[in-house]
Amino acid sequence: MSQPEDLSITLSTAAEQSASGVSLGRDAWRRLRRNRMAMLCLGTLITIGVLAVFTPLLPLAPPDKHHTNLQYEPPKFSPLFEKTFDFDWKEVEESQNRIAELRQKLDSADKGDANKIKMEMENILLRPYRDAGYPTVGAVSRWMIRARSHVFGDINLTSLAGRDEFGRDLLSRVFWGARISIVVGIVATLVSLLIGVTYGAVSGYVGGWLDEVMMRFVDILYSIPFIFVVIFIITVLSDEKIKSRLQDMGIDRITIFYFVVGAIYWLTMARVVRGQVISLRTEPFIESAKALGASQSRIIALHILPNLLSVVIVYLTLTIPRVMLFEAFLSFLGLGVEPPDVSWGLLANEGIKVITPIKIYWWLIVYPSAALGVTLYALNFLGDGLRDALDPKLASRRS
Amino acid sequence: MFGRTLFLILMFVAGLAAVGWAVYGSRLPPADFSFTNETEVATVDPALATGQPEMRIITSLFEGLGRQSPKDTHFAAGAAEKWEISDDGRVYTFQLRKNARWSNGEPVTAHDFEYSIRRLLDPLTFSRYAYEGWYLVNGKKYTVASELATGDRVEVELNQEPGVANTVRGKLLLGKLVHKESSGTKSNSSAEKGGDDEPKQDIFVVDVAGKEGRFKVAEATDSVPKNVERCRQVLLDFREVGVKVIDDYTLELRITNPTPYFLDLLAYYPFAPVNRTCVEKYGSPDWIKPKNIVTNGPFRMVARRLRDRVRLARSDTYWDRSNVKLNVVDALSVDDRTTAFNLYMTGMVDWDTVPPAEVLRELLKEPRNDLNPAPQLTTYYFLLNTTRPPLDDKRVRQALSMAMDREEITRVATGAGEIPAYSLVPPSMPGYHKQECKPFDPAAARKLLADAGFPEGQGFPRIEILYNTDQAHQAIAELIRKQWQNNLGITATLRNEEWGSYQDSIQQLKFTVARRAWVGDYMDPNTYADMFVTGGENNNTGFANAEYDKLISDAAKELDQTKRMQLLEKSERMLMDEQPIIPVYFYVSRNMVRPWVRGFYNTLQDVHPIRDIWIDRSVKNDDPRPNEYMEPVK
Amino acid sequence: MTWFFVRRLLGLVVTLWVVFTVSFLLMFAVPGGPYSAERNLPPEIEANFKHRYRLDLPWYEQYAFDLSRDLTGDLGMSSRLQDYSVNQVIKEGLPVSASLGILALFFAIVLGLSAGIVSALYRGSFADFTLMSLATIGIAVPSFVVAGLAIMLFVFVIPIFPAAGWGTLRQLVLPSICLGLAYAAEIARITRTGMLDALSQDYVRTAKAKGLSELMVALRHALPTALLPVVSYLGPAVAGILTGSVVIEKIFAIPGLGWHFVQAALQRDLTLAMGLVLLYTVLLYTMNFIVDLSYGILDPRVELK
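Top to bottom, those sequences are chains A, B and C. Just add 17 to the spot in the first sequence (first one is 1) and you have this note's numbering. Just add 51 to the spot in the second sequence (first one is 1) and you have this note's numbering. Just add 72 to the spot in the third sequence (first one is 1) and you have this note's numbering.
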């Protein structure tokens, strides 16, 4: 049951030492570029990110297309391309007409009916994609799927990474899983960042009794086991009534996850930022800005926030892996993303379930774990590199 | 410097010492026979338990009037030596054996059974199987006090004396119910929580020995109106219930309807006796602690470690101890199926109760000497919440059933050669012809759905499939989601819950579609059929049909076996047409049992009494000679 | 010094009270109760059941009741594990979780410290990279994957450890390594940073100038300072590790507390959940207290106040 607290120590060293000079950013970048490992990691992450964003464009099979007769088919390489699904263009066009019809109805409908019609519209819109074997996809992804269909037709890469229990193409699932896993990591971290920076900055900048109260509050929150709280909240919000109401509002379990995890990981951020702000407050350049008559908001915006940037970046690269692992943990408990969506954690869990002394479907565990592992490795090493780069004292020692 | 090093070393040594102490304290000598008993048993109190893991322990600890025989799970002599059934099938007289002893030395008498059955029926016991006792005359009226009517003989249980265990009853006043007064105002608490479903606080006016008294269920600290006495509860006089002690070793049970399977029910664990001395001395739940518990079965409980194991040892006081071969038995709690299977594969257990489906599929590709799938009396089905539109439309329910490809499910998801099910009652019921629902037919299903107003699934709301967290259930739900999507064009989502929460949800009809499996409690189609009477304990679908209820109650009263079966067949026909449920498959035995385990049979109810198991040390792992389990099943 | 103790004790009491109140309100807001069964409960039985668990009382009375009961050290009956009180659950589970945790920490510290020190001394070298990579497995791969693969490797391919269970030291080795990996990674990173920091300090340079060998300098002078952040990391980590890990406990069938933590939340066993949350708070507080004490011992510059 690891606590988010672990970060504060690694962070605080970086934080203490980065509170200087404006050209710090450029300096740091120069140092980072010399760290070959970190650059390699950065490159890897960018590649993974780009691939994840453009997954619907790639000639992959749809991730949720069952072929139960091909259950647990091992990876194969020839023929390299094959046709394993149908994308019904006619249905896409028809759905446009039906939606236009419904839209007219919508204008004259009262509130109760309007909701129903809206849901129906969404169903009609998604229908051709679902039938082809795609999960629930947004407008941009739908566009990409259509574009892909224009270019490649219904042809897709063969199951290079094998197939799972339902004969679904693992390669495609790993790619689609990347989208959710990465988004989960980033969004939850950003939520925690937002809360943490605001809370910490206010506490540190205002100081006095308010600071004392706010920090005691953080201390108390620390002593509540957060895994418990997350599971508890997710369980409660999974209660059927609440869940269907949330779903009507477009909130699924993963969205809840962003906010709950974000709302818990901010504690560390708040502490670190507060410390940073307190030390910044007494820095000569802030003093001089004050002496020159700069307003409070100007000082915060122009002088304090930019100096928090380095801490924030390091925090980001080190927190995202934790959140992604936490998502995997929830998948293990059966509380992660819900089918037909996929995440790496879910795939890894599905994979480990079929590793038995009798039969090892190695591809089901190797590929998802490798994807997750490489990403988290890269993030961790990049985080280390960034911290070194943003830490002039260590750097000067080395040069 | 020295201090610092010393500090670190001390911390280190203290840590290791603590580990050593904890491990040392939990050493146990190895058992003769051990098996994986699924998840942690919730309780070993026979009146409170539900579920198979609990059953395996309880039937080893306690012995009822009869026990389930290892070969066919029928009633076999237990604490009762002989029994007689009256010609009208309503009165059962049991002669108890005189050499049956409790582990504290007391003889097992008819009073013990009277005490235990009363305890089962007592609403304060919180038994979930209380309704098994409702076959007895006035059994239900005893549990459900709201059925009391003017003129009934009642017992008023006064509040307990201070300082006694929670299982000791208060003083009893016997009398006649004059009438019930509704006190009008609801208690504070129900108003506070906004609950309308709480029973009103009644005042019972009871004539006790010619003197009228007014009683209200209240604790000593609660305030009551003037002239009203506090009591713990007011129940039907237990002498009205069909349980009668003729003498120390003769017990008479009277039942309302001639129930042909009543004996089989008596072998079931809710009717197991408990020792009054022990229960009242320690109170609940302390009396079931290994150091306190008193049992009358073939084994006694030596140790129980939460989420680790229950250790049983052969009882020295059991009347038939010479026929119990195992000395020490371990029932391990293992949540994870793969872990349980790993334990079996590494030789740490002799019996794995539920190996994972993926493994079974692979194992069955070659002949084995430790796995013998055979049909069982268990049906896997989906509950449809008929109170929720659009599932309140019969056509929609039928469409969902006809769009379900059971062959694909048993081929892909279950693994041990399970049998696709189109009826609720499994095929193995003697004298009964199962009634089937319509087969897989996507085109017809689409048509039905269109007739119901959802052509091509248009306008059909998103429906949710609920299952309790488990890899196999998830796979099945996932396949069905896809089948419905492909065949009907409707969208389904999945929801999983832990066992306890899942049960809450299906009890309170908080689901649209939910999985369920039912192991027949006894060898009669009624165990399935009577679930779906209006408001039944295990109906869980909102299905309510007066005609159906009548068929079931007629069948219960019917003496002629053939006619009774016909009535039950009619009821299933109706159930399969109305389809509040969708049968999916019939279970097969999935036990993996080492060849040296003897006295273990393939049974329809998946019941394998540990009492009858023994180990043949001469048999090696690759021995080709089949044990009883591997014998072909007819 | 006395004042230090008193202040900490007061802090603990206040924290416990706040944690209790927050948890109570959170749990009270939950729809549905802790009672359920495979069979429907007749209304009479349900009413009795509610009465038994005081669920029919208004919230403030329940709060007062629960609080006064918990104050006496009796944490109540678990609602799902019908035969157990929360105290018994803790009494049976904590020693198991703690044993597993202590061994895991032992592995984590050995692996983490050596990886951290070596990679700080030979920064950028192949050894640095390899050790840090190894240590990073714990935070790059989910623990259920590590555990699953470890079982395949060390139970079936090279059969040196038992598959699962609890009762002998041998059964504890594999799970504690798997559990320790996650902590090893953190310790390695913190040690590395701390060492790099310490090695650049003046007193270390002085020591080096005096002609002491690099390794001696690192171990005698830099390490104690570098250990301080490790110690403050370990405080809360120990509290977490002592209350168990559900993943490892499930895969290795170990009867620790972690499973209860998760199940109590999943199955809304509110009394058990409350008991475990309070236990966690006490443990965390105690560990932080020990951390502060050990700061005083490890670092002569720190004075307890």
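Please keep in mind that the hints were generated in silico from the structure rather than gathered at the bench. One should not assume that every hint holds.
Unchecked claim - Listed next, the in silico DSS-like pairs over lysine-lysine satisfying Cα-Cα at most 25 Å (straight line): (1) Lys192/B <-> Lys227/B; (2) Lys222/B <-> Lys277/B; (3) Lys258/A <-> Lys128/A; (4) Lys295/B <-> Lys342/B; (5) Lys133/B <-> Lys192/B; (6) Lys258/A <-> Lys621/B; (7) Lys342/B <-> Lys260/A; (8) Lys163/C <-> Lys340/B; (9) Lys260/A <-> Lys133/A; (10) Lys332/B <-> Lys342/B; (11) Lys222/B <-> Lys133/B; (12) Lys340/B <-> Lys295/B; (13) Lys445/B <-> Lys133/A; (14) Lys227/B <-> Lys277/B; (15) Lys416/B <-> Lys376/A; (16) Lys342/B <-> Lys282/C; (17) Lys128/A <-> Lys260/A; (18) Lys671/B <-> Lys376/B; (19) Lys376/B <-> Lys133/A; (20) Lys222/B <-> Lys267/B; (21) Lys262/B <-> Lys222/B; (22) Lys93/A <-> Lys416/B; (23) Lys340/B <-> Lys133/B; (24) Lys133/A <-> Lys561/B; (25) Lys222/B <-> Lys416/B; (26) Lys133/A <-> Lys307/A; (27) Lys135/A <-> Lys258/A; (28) Lys445/B <-> Lys332/B; (29) Lys191/B <-> Lys332/B; (30) Lys133/B <-> Lys107/A; (31) Lys222/B <-> Lys191/B; (32) Lys93/A <-> Lys376/A; (33) Lys332/B <-> Lys280/C.
Just to be careful, I want the Cα atoms of Lys332/B and Lys280/C compared with a cutoff of 25 Å; is the pair within it?
Distance of about 75 Å is beyond 25 Å: violated.
Would you mind confirming whether the straight-line C-alpha gap from Lys133/A to Lys561/B stays at or under 25 Å?
holds (21 Å)
Do the alpha carbons of Lys445/B and Lys332/B lie within 25 Å of each other, as the hint requires?
violated (55 Å)
Taken at face value, is the distance from the CA of Lys376/B to the CA of Lys671/B at most 25 Å?
Distance of about 19 Å is within 25 Å: holds.
Proposed proximity, Lys222/B with Lys262/B (alpha carbon, max 25 Å)
The given pair, whose Cα atoms are some 17 Å apart, holds under the 25 Å limit.
Take the C-alpha atoms of Lys258/A and Lys128/A, compute the straight-line distance between them, and say whether it is at most 25 Å.
Holds - the C-alpha atoms of Lys128/A and Lys258/A are around 20 Å apart, at most 25 Å.
Lys332/B and Lys342/B: Cα distance at most 25 Å?
holds (13 Å)
Holds or violated: Lys445/B to Lys133/A, with C-alpha atoms at most 25 Å apart:
holds (22 Å)
Is the straight-line distance between the alpha-carbon of Lys222/B and that of Lys133/B 25 Å or less?
violated (35 Å)
Has the given pair, Lys133/B with Lys192/B, been kept, meaning a C-alpha gap of at most 25 Å?
The given pair, whose Cα atoms are some 29 Å apart, is violated under the 25 Å limit.
What's the verdict on Lys133/B and Lys107/A, does the C-alpha distance respect the 25 Å limit or exceed it?
violated (76 Å)
Can you confirm whether the C-alpha distance between Lys222/B and Lys277/B stays at or below 25 Å?
The hint holds at about 21 Å.
The structure fails to meet hints 4, 5, 6, 7, 11, 12, 16, 19, 23, 25, 26, 28, 29, 30, 33 from the earlier list, while all remaining hints are met.
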